[in-house]
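Following the hints, complete the assembly by docking chain B onto the known chain A.
Protein sequence lines correspond, in order, to chains A and B.
Take 1 as the starting number for the first sequence in my numbering and just add one per residue.
Take 421 as the starting number for the second sequence in my numbering and just add one per residue.
Bear in mind the hints are in silico, worked out from the structure with no lab data behind them.
Since this is a predicted model, take the numbers as computed values, not measurements.
A virtual CB, placed ideally from N, CA and C, is assigned to each residue, including glycine.
Hints may be right or wrong, so weigh each one.
Label pairs and their in silico Cβ distance ranges [claimed, not checked]:
| id | chain 1 | residue 1 | chain 2 | residue 2 | range |
| --- | --- | --- | --- | --- | --- |
| 1 | B | T536 | A | P110 | 42 to 52 Å |
| 2 | A | R195 | B | P508 | 35 to 45 Å |
| 3 | A | K58 | B | A543 | 29 to 39 Å |
| 4 | B | A543 | A | A394 | 53 to 63 Å |
| 5 | A | K176 | B | P508 | 29 to 39 Å |
So you can see what is in the structure, the chains are spelled out below.
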Amino acid sequence: MIRTQRLVAGVCALLAALMAGIAFPAGAVADETGANAPQVDLVLDVSGSMRTKDIDGKSRMAAAKQAFNEVLDATPPEVRLGIRTLGANYPGDDRKTGCRDTAQLYPVGPLDRTEAKTAVATLTPTGWTPIGPALLKAADDLGGGTGSKRIVLISDGQDTCAPLDPCEVARDIAAKGIGLTIDTLGLVPDVTLRRQLSCIAEATGGTFTSVERTDQLTDKVNQLVDRAADPVVTPVAASGADACAKAPTLKSGLYTDREAFGEQRWYRVDVRPGRELRAAVSVSADRPVDPSYGVLLRAVTAKGREIVRGEAAGTGRTDVISTGLRYPKAESDDDTAPAEAVCLQVTHSFSAASGVEAGPGLPLELTVDVVDGPSRPADVASFGLGRGWWLLGALILAGFLAGAVRGWLSRWRVAVWRTN
Amino acid sequence: MGTARVLGAALIALGLAAGPAAADSSPSPSASQDGRGPTRAGTSFRTATEIEQGQRATATASTGDYLYWSFPADAGQRPTVRATVKLPGRHAAQTWQLDVYDGLRRRQACQYGAQTRTAAPGASSVELACVLRTVRAWSEPWADDPLPGTYYVRLTAVGLPAADRGLPVGAGVRADSADAGGAAAVDGSLAAPLVPGVAAKSVQDEGGSPDPAVLSSLEPADGWTSGWWSDRWVWTAAGGLLAALAGIGGYALTRGAGRPGRVPPGA
Numbered sequence: 001m002i003r004t005q006r007l008v009a010g011v012c013a014l015l016a017a018l019m020a021g022i023a024f025p026a027g028a029v030a031d032e033t034g035a036n037a038p039q040v041d042l043v044l045d046v047s048g049s050m051r052t053k054d055i056d057g058k059s060r061m062a063a064a065k066q067a068f069n070e071v072l073d074a075t076p077p078e079v080r081l082g083i084r085t086l087g088a089n090y091p092g093d094d095r096k097t098g099c100r101d102t103a104q105l106y107p108v109g110p111l112d113r114t115e116a117k118t119a120v121a122t123l124t125p126t127g128w129t130p131i132g133p134a135l136l137k138a139a140d141d142l143g144g145g146t147g148s149k150r151i152v153l154i155s156d157g158q159d160t161c162a163p164l165d166p167c168e169v170a171r172d173i174a175a176k177g178i179g180l181t182i183d184t185l186g187l188v189p190d191v192t193l194r195r196q197l198s199c200i201a202e203a204t205g206g207t208f209t210s211v212e213r214t215d216q217l218t219d220k221v222n223q224l225v226d227r228a229a230d231p232v233v234t235p236v237a238a239s240g241a242d243a244c245a246k247a248p249t250l251k252s253g254l255y256t257d258r259e260a261f262g263e264q265r266w267y268r269v270d271v272r273p274g275r276e277l278r279a280a281v282s283v284s285a286d287r288p289v290d291p292s293y294g295v296l297l298r299a300v301t302a303k304g305r306e307i308v309r310g311e312a313a314g315t316g317r318t319d320v321i322s323t324g325l326r327y328p329k330a331e332s333d334d335d336t337a338p339a340e341a342v343c344l345q346v347t348h349s350f351s352a353a354s355g356v357e358a359g360p361g362l363p364l365e366l367t368v369d370v371v372d373g374p375s376r377p378a379d380v381a382s383f384g385l386g387r388g389w390w391l392l393g394a395l396i397l398a399g400f401l402a403g404a405v406r407g408w409l410s411r412w413r414v415a416v417w418r419t420n
Numbered sequence: 421m422g423t424a425r426v427l428g429a430a431l432i433a434l435g436l437a438a439g440p441a442a443a444d445s446s447p448s449p450s451a452s453q454d455g456r457g458p459t460r461a462g463t464s465f466r467t468a469t470e471i472e473q474g475q476r477a478t479a480t481a482s483t484g485d486y487l488y489w490s491f492p493a494d495a496g497q498r499p500t501v502r503a504t505v506k507l508p509g510r511h512a513a514q515t516w517q518l519d520v521y522d523g524l525r526r527r528q529a530c531q532y533g534a535q536t537r538t539a540a541p542g543a544s545s546v547e548l549a550c551v552l553r554t555v556r557a558w559s560e561p562w563a564d565d566p567l568p569g570t571y572y573v574r575l576t577a578v579g580l581p582a583a584d585r586g587l588p589v590g591a592g593v594r595a596d597s598a599d600a601g602g603a604a605a606v607d608g609s610l611a612a613p614l615v616p617g618v619a620a621k622s623v624q625d626e627g628g629s630p631d632p633a634v635l636s637s638l639e640p641a642d643g644w645t646s647g648w649w650s651d652r653w654v655w656t657a658a659g660g661l662l663a664a665l666a667g668i669g670g671y672a673l674t675r676g677a678g679r680p681g682r683v684p685p686g687a
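Chain A on its own, in the form it takes in the complex:
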């Protein structure tokens, strides 16, 4: 019985695998070769305060220059590296001009080490700290391509160009492009600076590091550049609808979307009989949120009946909340049975902390895999086999009794024969 089931399952799996080759083009996962090289833009604060001598007895600027030289030497060849400065050129007091002071020192592209080092050597601490405008420009520096994009911001002071909040700028940048991460490094152990820089980092899924020594700075920037060089799967942008009927149909792959507070997002996946749908969703908290939150992923039939759901809830500091579900669709005897359109509904229960902008929506990542269906068990135990001393005892007893009865019967027959 089990063997037959398995054989049937195997044949179906083979057929399904053949079908999969036709039905699922590899379009949903972008690969990373040639033109899609990883890009890194180093954004360096060259404001007046960088003159302060508090890093290893040298000025912050000298430490940054030394670190940059070492980083430029160690940059992997496939990384397209660029350098942008903020506050490098305008020494005056006019706030308006000072807040536009950001320049591209070395364009993002194949790296010429000598040229880049010469450019870095010319820098002298000068002006204001326009972090927000510099981030916007840096995002423009990183051109097209589907490779990973990373901005590394090195600063020693808070943004001096309010009301443009660099935190919101970072969120908007992340909302525009796919796979852009901003990592921040603070050169001063100051609480307000930490708060601002870690807010920028968390808005894009990046990291914040407080640096107090030159070697720390070098190691961290090197680590970040190397991280950019690691090949990663780039998600494909999808746009979920607010109802099942209007939802886009997804194939196996990795997708990204944005979901506002209190919104629902619907997607559709076609599942043929004998196949299994696996979906995982994670919603990132890219801004300060209230400390209780959750996410719900439901698989619903086209008629609105819930098939299965995945849910998760949490409290406290987090970067992401995630859940997933499996739906094996039963096999059908009819080979021409149509695929079922399964609707996936994603909702989350994050709420923005007070004073935090509600838009754009929170980043959402959806993994969809349609694979062969599992083989259903015919018993709790593997192949219905037994195990343990009770099993042995029962079998021995049964065997002994059967043998004894057979022996007694045989003896009785001999006795009958003798009597006759």
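Coordinates of chain B only, in the frame set by chain A:
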């Protein structure tokens, strides 16, 4: 009769020896014992650094970072994840947490182990552990039982004063597993392990595109089990043999000696 007795004794000895030996569930790290793993960590599910069981991954990071690793676990294993965080010299009280997620990014419960721990001000390190449930070969789609596939480890500070943000820390993570043996052998199996991107990967393999980035590529040291072997075969076969021997014994006991040499057919 002599041959049968020797054979019987051997079989009983085999049954007695095989049973407990196979039932033994002593911890056995399934990969290289002293393997030094990667020296970095990912920062999201997508970029999680892959480690093998038995490997110790280390990473330098900053407090406040979310560190991700992933490792493969197969049916019948009960994984244990241990993490050590070396804290900087001066700091306030910090709460660190270790979370384990399965291949569908569902959070997996820890049976035992200090999953969350608060380091006292100035403490030099904090140790965390999480013992997962035994990985099953199959479960109902509505259950969140651990299934064969990729497991994600997330290590982060959940309680952190703003002044302690961004300080350098060293993190180390290691996943080992105990073999639960046939006691955990259930019927049914998944067609593919719970590895994210497994469907896209198989399509890419067919297409032969050059070295594409994948969400997860590691397999257990000896591959994903096909799911048919368990020590239940030994137990059941040994039980059958013992039953046969007991049957012979019972027959010999009740029939007795003295059966005449010439017995008519059918008696």
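Hint check:
1. Under the hint 42 to 52 Å, the C-beta atoms of T536(B) and P110(A), about 47 Å apart, fit the expected range.
2. Taken as a hint, the range 35 to 45 Å is violated for the pair R195(A) and P508(B), whose Cβ atoms sit roughly 19 Å apart.
3. Roughly 32 Å separates the CB atoms of K58(A) and A543(B), a value that falls within the hinted 29 to 39 Å.
4. Taking 53 to 63 Å as the suggested C-beta distance range, the pair A543(B) and A394(A) conforms, at roughly 56 Å.
5. Take K176(A) and P508(B): their Cβ atoms lie about 36 Å apart, and the range 29 to 39 Å holds.
Taken one by one, the earlier hints fail for this structure only at number 2.
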